[in-house]
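Colleague: The listed protein sequences correspond, in order, to chains U and A.
Take 1 as the starting number for the first sequence in our numbering and just add one per residue.
Take 1 as the starting number for the second sequence in our numbering and just add one per residue.
Since the hints were made in silico from the structure, they are not lab data.
Calculated pairs, SDA-like style, for lysine to any residue (alpha carbon to alpha carbon, straight line, at most 20 Å):
{"id": "1", "chain 1": "U", "residue 1": "LYS220", "chain 2": "A", "residue 2": "GLN345"}
{"id": "2", "chain 1": "U", "residue 1": "LYS209", "chain 2": "A", "residue 2": "GLN233"}
{"id": "3", "chain 1": "A", "residue 1": "LYS409", "chain 2": "U", "residue 2": "ILE186"}
{"id": "4", "chain 1": "U", "residue 1": "LYS23", "chain 2": "A", "residue 2": "PHE232"}
{"id": "5", "chain 1": "U", "residue 1": "LYS78", "chain 2": "A", "residue 2": "SER234"}
{"id": "6", "chain 1": "A", "residue 1": "LYS15", "chain 2": "A", "residue 2": "THR164"}
{"id": "7", "chain 1": "U", "residue 1": "LYS47", "chain 2": "U", "residue 2": "ASN145"}
{"id": "8", "chain 1": "U", "residue 1": "LYS122", "chain 2": "A", "residue 2": "ASN398"}
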Amino acid sequence: MKNKVHCLEVWGDLACFSRPEMKVERYSYPIITPSAARGIFDAIYFKKEYDFYWQIESIELLKPPKYIALRRNEVKDKISASEVQKWMKGTKAITPLWADGTRDELGTDQKGRTQRQTMALKNVRYRIHARIHSRDAKANLNAMNAQFERRASQGKCFYQPYFGCREFPAFFELVQDDSETMPVDIDLDLGWMLYDVFDLSRANDAQAKPAISVFHAQLKSGVMQVPDYESEAVRKTENDNVE
Amino acid sequence: MLNEVLAHAERAGIKTEPGFSVKSAKWAIVIGKQAEITGLISLGDGQNGLEFGCCPDLSPSEMIAGSLTRSQFLIESLAVVAFYYKEKADEKEIEKYRIKHDYFIGLLAQAASDCPELARAAAALNSSEELQKLANFINNNQPKPKPTDSVTLLIEDSFPLHSTTWHDWWRNHRAGGNGNDVDKTQNKDLMRCVLTGNTIVPVDTHPKIKGLSSVGGLGMGDVFIGFDKEAFQSYGLDKSANAATDEVTAKIYAETFNQLINRQSIRLINGLAVYWFGRELANPDDDLFAELESPTEPPAGQSTRPKAMLNAINDGQRPDLLENYYYVMTVSGQSGRVMVRDWQQGRLTELLENVNAWFDDLQIIARDGGQLAPPSKFLAVVGSLVRDLKDVPAPLINDLWRTALNKNKPVSNSAFAQALMATRKAVINEEAQNHARMGLLKAYHIRNKGDCYMNTQLNPGHPSPAYQCGRLLAVLADLQYAALGDVGAGVVQRYYTATSQAPALRIGQLMSNAKNHLNKVGGGLAFEFENRIGEIMSAMTQIPKTLDLEQQSLFALGYYQQLADNRARMAENKAKKQAKQNQADGEK
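Isolated chain U (complex conformation):
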């Protein structure tokens, strides 16, 4: 039997759910992805030792997608973790992450800054339906559901939920009664959409390897049904679902 489905209404000024093929010059999907939606639920209630993940059931689009173009100067390179460890041990001198400089000054075009565009969504609002999917058969789901409801209804979260990028905060409210707001009446075939970056069948930690999964996303009358991660509709990297 399926666990209780919770509903959150989420909204914010800006959002960017970058398409993987357009994540350098970012272009957002017109609707929140299941993984970004999972992230919002995780921000409110998640405990690694409870061994569960949030299974998104459906997403309702409450405001039509509107895009806004943002351009920012960003850096080209990243600080490597091993370098930082060497700095901490004092075996190597600290070198700054160059935020500017020409190719001649830096000796490479792999460092310095570059201008990147973000085609973000503005003024977004969704209703997300999700349930706790426990990997542990003995888990006390009732207690977990109650904990989530208590936290969500009080506006508690471990960190500020966000819409795709941390600079775009998401605000939330637990929906306990049937809401009167109807989804925007649009139909869209979005093609293959990113489902999740990690293998949800396993407990992932900070070192977890990515395992890209995709699904055929369709918006019907403003509602996107999200298949279960375990279903065949979700195409995963692992060989268990390979044609």
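Assemble the complex: chain U is given as a structure, and chain A must be docked to it using the hints.
Modeller: Coordinates of chain A only, in the frame set by chain U:
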């Protein structure tokens, strides 16, 4: 987006495979039976050259793999094939061309095993005498070819590029190449393709999108999917594994997009709107994007093309348009990457309604009255807001583009403010008012304010006092001209700005001047002017003290439409007078 490009490729039957590409050649070196060069001919229209659908193609990474200098096969630059370079070329450059030239000949000689006629081409290009002959052909040609122009071979009246005999050799050659893209796909983890959902081996480097150099792209091309900088990669995924796609899929989307750029794109100053349809249009004239770019002027008394198409659909004459879709992507280049600025898709009928609404909303009476101004080109609307098109900020163009493609989208405030400012400037400088700009102001009131009184022509019953004030100024200017003739700086040049901002302050003064003008005009004309002024005054409940920007634009529209009406009336009176005169002359 890219999945729609792939879907288009499938529908249009665009088939491509790695190692092959569509290319154009501007020139052909003619090679005779005796392995001699007999001429150099220009191909195609002389500008874009002749397109060949299946040319051998090495990717940029394949060209430089293994630190070997390579050339393309069968189609290359004149510098490589004819060893023809600029006089200023330095030794290093000449050496590079020589190596590439030798490589090109080497490929021809190797491919001769499958395609024997290529041996003649190899021999001809290897002979210094024949190369000298070729240099003479090049130098004697007018216009003189450039070393960078693309060239192919024409051996005994047939292009090897049209033949398929070398295809297998080329596939094998490419697959056996050192460090080619085929090799790079070995020993890689399987991933899910983000465009097709299939399990694939991700390709490292994606093919380039060409044709964006005019909109910020690089001459050598830009990539849609490229993660060449560390900060672009996430989750420890390497390069293009961040958006895994296989080699064939990458090739298809790039090839298709390149073809679309060449055939179906509109330049929007700093972006390129590339469009396609769900089904090929039965009639090329149905291309609504081309209509937006350059609308056809309808014959007098007939509807614009979008309206005619809409009518045809409603009459059941064009069922083929009902089940078709459109897709339009606006792109530009940025540091070697393709940047998507906008994406729109929908039913063709929706597009038709939207484009029709755009032309309807912009439609306005011509400044000399009488008839409607011809439909404005999209870029003419953009250009009407600034002195020079290149000064238009990119967001403003994108915004107007979206407004043109969506009848429910209001005109942006920035476009409106620019239009109002330019209108005022034109009035003061006594320049002819721009039809597109006045149309945009009219569209603003229709779309943003739901002004149902706003017509293409003068509407004496418009309820806005600001509109009526504009009309009044036009009539008073007309009266002044009738009384005093050209006085240099008339009431318009002196009082337009002040009256359009604070009418109550100026109109009293203008009216007292008008009394003098009426006295001077006298007779029936004065009576007519009095009637016109009286009609405008009676349409106003009060003269507003100040006008905000929106009201100022109503003032501008009232002034413009009244001026057009005055001119039409003048032309009509003149025609009547002339007719009377002709009649009187006839009676005499």
